[in-house]
Structure formats: structure tokens, C-alpha cells
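So the chains spell out like this:
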Amino acid sequence: MNLSDAIEIVGHSDPGMVRSHNEDSIANDARNGLAILADGMGGYNAGEVASGMATTVLMTELQSAIAQRAPFEYDADSGAEFRTHAARMLRDQIAKANHSIFSAAQSQPQYSGMGTTLVVAIFYDNKVSVAHIGDSRLYRQRGSEFVQVTRDHSLLQEQIDSGMLTAEEAKHSQNKNLVTRALGIDPTVEAEIHDYETRPDDIYLLCSDGLSDMVEDEEIGLTLETLGGNLNLAAQQLVQMANDNGGRDNVSVLLVRIRKEYPAARGLFGRFLGWFK
Amino acid sequence: MAKLILSMDGLVLKEITLTKERTTIGRKPHNDIQIDNLAVSGEHAVIVTILNDSFLEDLGSTNGTLVNGQPIKKHFLQPNDVIELGKYKLKYINEAPKAAAAADFEKTMVLRPGTMPRPAPAPVQTSAASASMATAANAATAATAATAATAAAPAQAPAPAAPARQGAIQLLSGANVGKELLLTKALTTLGKPGVQVAVITRRPQGYFITHVEGANFPVVNGKTLDAQAHPLNDHDVIEIAGTKMEFFYK
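Residue numbers (the working numbering), protein chains in the order written: chain A, 80 to 356; chain B, 424 to 673.
Bound-form chain A, shown alone:
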């Protein structure tokens, strides 16, 4: 099914004001409803390699998986967990990407220990399946409500969850940017995967911590609320705000706007019609 009429995706990635390399990587495919963002880490330029591998492998594999089987179909094999095929696709392809990066890291000394954060979103059947690892985030703008959808896999978040720190105190912590999960650093990885309903006019933002660390959530929300009609301008504005505030890290954003509903074509006739879209 071709979703490019229903979904608009714009992405920007910038090295920021301080770093010489951009170790973030973004990729998107509106036709298949895919958005992928990765923030790499590792010595030398290994971060760039890790994040690049993550987006390339995942984009290719997910496009191919979607061509073989529609994301909305229920996955009867998943047993107790009655999840859609989209969730399984994410799990399987993330495992593949993890394996690729981990193997590369093992084989080359300069890539040793490299890894990356990850946020992947598959839009299908008026829903979105989101998988994330680390502290890159997905936010949703719906009307005037701006919400962080993913919960960081980071030391700070664990401290907040256990009551050691309030969210306000966390802003003053000197232990920022320590993630507790990453893609490619271990033989296996567990991504956190959830499904959400989408509505027309929703705007989804995938971003690396280069944005969320430099710009307050409130200002990000304000930008999406005022400039949501022009995703390109909104993306540029977000990157500019991060840089104006210091730009101390690579900053990447992917903005996805739901223009209209995109129900999956079910049944034989539905699928037949789907070929003509």
C-alpha cells in the first residue's frame, strides 16, 4: 500500500556547532510509512559507521519485509502476545541490524565497542508501531498537546523512575547522556516496542538528544504547533534553535505529519484495490 498521500515526512540532520563529524543518521520512506533515526557512539568515526549501518540495514530489510507481508496482519505465531506483524518485523529486523553492527565491531579494532541509539516508526492501518533503544526519542503533537511518547533507556530516567531525582533535578545532573541500552554493543538487544493509534493532523517527531538536550520540550511543542503546516520550516527551526542554544551535539529530526486516514486494505477485494493506489 502506498502511503505517500496520507503521510508526509521531512528530515534534517546537522552536525551542530561543536562537533566536526555528524554521527547521527536518518532515513525515511513515506510510501511504506517508515521513519528511522540513529545516534551513533564510539571512538574515532565508529559512531558514524554504527548509525549508518543501523539506518541502512533497517530501511532495506523493513521495505523488503513489508513487501512480503502487510504490517497490519496479526501475528498468530506470537502466542500469548497477540501482536501485529509490524511488531514482529521490527523485532526481527532490529536483531539483524544489531548482529551486523556487533559483528563489524568485533572484526575491526577501530570499531570495537561501537553502538547506536535507535528510534524506528512504521505507520500502517491508522496506527504506528514504534521501537526504540536508548535516549533518542519520539514525541507526538496532537492539537495543542505535545507529549514525549518514548521513555529514555538512560541512567537519568532510571533515577527519575526510582524516585531518586525529580524531572526538574535531572536537568541539573552532571550524568547526562549515559544510556543503559544500545544497538550493536551486545550479541542480543531488547528494543522497546509499542503500538499507538494515529489521527489526521497528528505530527510525530523523531529526534536525537542533540535536540532534546538543547531545546526545552515546551519550545519544541510550540514550534510544531505554529509551524506544523510547513514541515520543512519546522525542521529547520528546530535545528536552528538547538544550534542557537549551543549546538553541543549532532542534532537530527524526522517530522511525520498524518494528512488523512490510511486504513489497511483488508480482504481479497480490498487488496486488489490496494494495487491501484
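The hints are simulated quantities; they were obtained by calculation from the structure and are not laboratory data. Any given hint could turn out to be false.
Claimed, not checked - BS3-like mimics (lysine-lysine), calculated; alpha carbons at most 27 angstroms apart, straight line:
id, chain 1, residue 1, chain 2, residue 2
1, B, K497, B, K443
2, B, K451, B, K426
3, B, K496, B, K510
4, B, K497, B, K437
5, B, K615, B, K646
6, A, K250, B, K514
7, B, K514, B, K608
8, B, K673, B, K602
9, B, K437, B, K451
10, A, K206, A, K250
11, B, K497, A, K250
12, B, K602, B, K496
13, B, K443, A, K250
14, B, K673, A, K339
15, A, K250, B, K426
16, B, K437, B, K514
17, B, K451, B, K514
18, B, K608, A, K250
19, B, K451, B, K497
20, B, K602, A, K250
Said to hold, decoys possible - Chain A is nowhere near these chain B residues, computed Cβ spacing over 10 angstroms in every case:
id, residue
21, H453
22, R588
23, A591
24, E603
25, T612
We put the beta carbon where it would ideally sit given N, CA and C, even for glycine.
On the provided structure of chain A, position chain B as indicated by the hints.
Relative to the frame of chain A, chain B by itself:
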């Protein structure tokens, strides 16, 4: 590396570096910081240090513990906080080592489960920080590098940068003629959605106007703008969706 300066009546007694995960304070000799005074309880308080953050906790002492004059039970220590136990003062110092580690600030690093090593004893050189990234074998070094890297940073989340002068818009025509709008937010939209919309952004370098939507572009001082952001100067006259307004600095 964080440290405490112990003093009484203005006289500096001792300097203590916070190397351990738990630094106990009290009158009894087993404490890491022993204060031999009756106003101080046997086990008075403890400072828990997690990499670069330190938390002070009162252990149910008789006379309590104050931070900057306020009694506390638990407190997330900020640089230059002054802790008081009886007549004794402990000043919490957490200076960022000046440096060249600026390039590594904000670098995301992996924290391995089960490894919470001590904070670095001294500012680590930049080369060490960038070379030893997270690997299973080097988890300790990695977290140490993380300490050095993150320690080079200011503590707070960056405040949104803003120009020194406050800008405003005064309407020169239309139903609300004479009305003034202060441009305090990072983004202020002007115009009519569906007809013509422009946005004024507030940046460190000043205010800028950018076209957002509509067939017509904003007109500034009689000239039609293009798609690029345009810097606004004091007393510029803007025309959007048929309404004229003046931008000025208060």
C-alpha cells in the same frame, strides 16, 4: 571531581574529595568525615555519589542538617551549596575541569549493567576520553571517560538564548489598530491561517521574520520578501494579510 570544604566560624579545617559512593558524616570515629562535636550526631548524614552527582541525606540526626539555611531530609547537591551541621559548614564544590574536553561534552555513552565505577580522580585528557569508548572490557574506563566528558559541562540545561532587547509589534491598521504585542516567545505567528501566515522568531542574533504559508509573501518596508528568513530592524513596517504593523524594540 566533587569535594567538600569543612569550616567552622569561617576557619577552613579540611578539604575532602568525594571518591566513595557513600561518604558518611558524624561524630563517631568510623565516619568518613568525623566531626567531634556534641551538636553532631554519631551518624549524622551521608553523601551518596553517583558518578558526577551527589545526594545529601540526613540520617535522622538530633539537630538536623541544613542546606543553604533550609532543613533537609534529602537534597540533590548543586555546586556551592553550603551544608550545615551544628556550627560546622561543608561547602560542596563541583567544578568542571576547564577544557578541551568540550568536544566530548554531550557525547552519548553506554553504561553497562553492574558497573558503577568511581568518578575520575582528576581531569582526564581529551585523547583518553575519546579513545576509550564503551566496550565490555573497558566499561570502567568508559564510565571514567564519561565522567571526564560530562564533567566538562555546565550543570544546568541550557537556558534558551535570547537577544538583549525586547521586541514588540504595534498594529498600524485594521480593527485592532494601536494594539501592542510583546514578542517574548521563541516563535510568534502573524496573519490568518489559510490565507497568509508568517512567523517571527526570537534568536540570540535578534528577531527574524519568515514566510510560513499562503500565496503572498510578507512585505517589509514596501519590499516583498522571499522564502528566506529576514532580519528585522527597529521600526520596520511589516504587511501581512492586509494588515500593517511596526516592529520595534522597547
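Outcome of the hint check:
Of the pairs offered as hints, the one joining K497(B) and K443(B) holds, with about 18 angstroms between alpha carbons and a cut-off of 27 angstroms not exceeded. Of the pairs offered as hints, the one joining K451(B) and K426(B) holds, with about 21 angstroms between alpha carbons and a cut-off of 27 angstroms not exceeded. Restraint check for K496(B) and K510(B): satisfied, since their Cα atoms lie roughly 18 angstroms apart, inside the 27 angstroms limit. At most 27 angstroms may separate the alpha-carbon atoms for a hinted pair to count; K497(B) and K437(B) meet this at roughly 24 angstroms.
With a C-alpha separation of about 20 angstroms, the suggested pairing of K615(B) with K646(B) holds against the 27 angstroms cut-off. For the hint pairing K250(A) with K514(B), the CA-to-CA distance comes to about 22 angstroms; that is within 27 angstroms, so the pair holds. Annotation: proposed proximity of K514(B) to K608(B) is violated, straight-line Cα distance about 37 angstroms (limit 27 angstroms). For the given pair, K673(B) sits about 14 angstroms from K602(B) by alpha-carbon distance, which is consistent with the 27 angstroms threshold.
At roughly 17 angstroms between alpha-carbon atoms, K437(B) and K451(B) fall within 27 angstroms of each other, so this suggested pair holds. Our distance criterion of 27 angstroms between C-alpha atoms is broken by K206(A) and K250(A), whose separation comes to about 33 angstroms. Proximity of K497(B) to K250(A) is assessed by CA-CA distance (about 18 angstroms); at most 27 angstroms being required, the pair is judged to hold. Pair hint K602(B) plus K496(B) does not hold up; C-alpha atoms about 51 angstroms apart against a cutoff of 27 angstroms.
At most 27 angstroms may separate the alpha-carbon atoms for a hinted pair to count; K443(B) and K250(A) meet this at roughly 24 angstroms. Under the criterion of a C-alpha separation no larger than 27 angstroms, the hint pairing K673(B) with K339(A) is inconsistent with the structure, at around 44 angstroms. Of the supplied pair hints, the one linking K250(A) and K426(B) holds, its CA atoms being roughly 21 angstroms apart against a limit of 27 angstroms. Distance restraint check for K437(B) and K514(B): the Cα-Cα separation of roughly 11 angstroms lies within the 27 angstroms cut-off, and the hinted pair is therefore satisfied.
Restraint check for K451(B) and K514(B): satisfied, since their Cα atoms lie roughly 21 angstroms apart, inside the 27 angstroms limit. Of the pairs offered as hints, the one joining K608(B) and K250(A) holds, with about 21 angstroms between alpha carbons and a cut-off of 27 angstroms not exceeded. As the CA atoms of K451(B) and K497(B) are separated by approximately 21 angstroms, the hinted pair is consistent with the 27 angstroms bound. Our distance criterion of 27 angstroms between C-alpha atoms is broken by K602(B) and K250(A), whose separation comes to about 38 angstroms.
With a least beta-carbon separation of about 25 angstroms from chain A, H453(B) lies farther than 10 angstroms from that chain, consistent with its non-interface assignment. The Cβ of R588(B) sits about 16 angstroms from the closest Cβ of chain A, beyond the 10 angstroms cut-off, so the non-interface label holds. At roughly 18 angstroms from the closest C-beta of chain A, the C-beta of A591(B) stays outside 10 angstroms, upholding its exclusion from the interface. The Cβ of E603(B) sits about 20 angstroms from the closest Cβ of chain A, beyond the 10 angstroms cut-off, so the non-interface label holds.
A Cβ of chain A approaches the Cβ of T612(B) within 10 angstroms, the least distance being about 5 angstroms, so the stated non-interface status is violated.
Hints 7, 10, 12, 14, 20 and 25, counting from the list given before, are not met by this structure.
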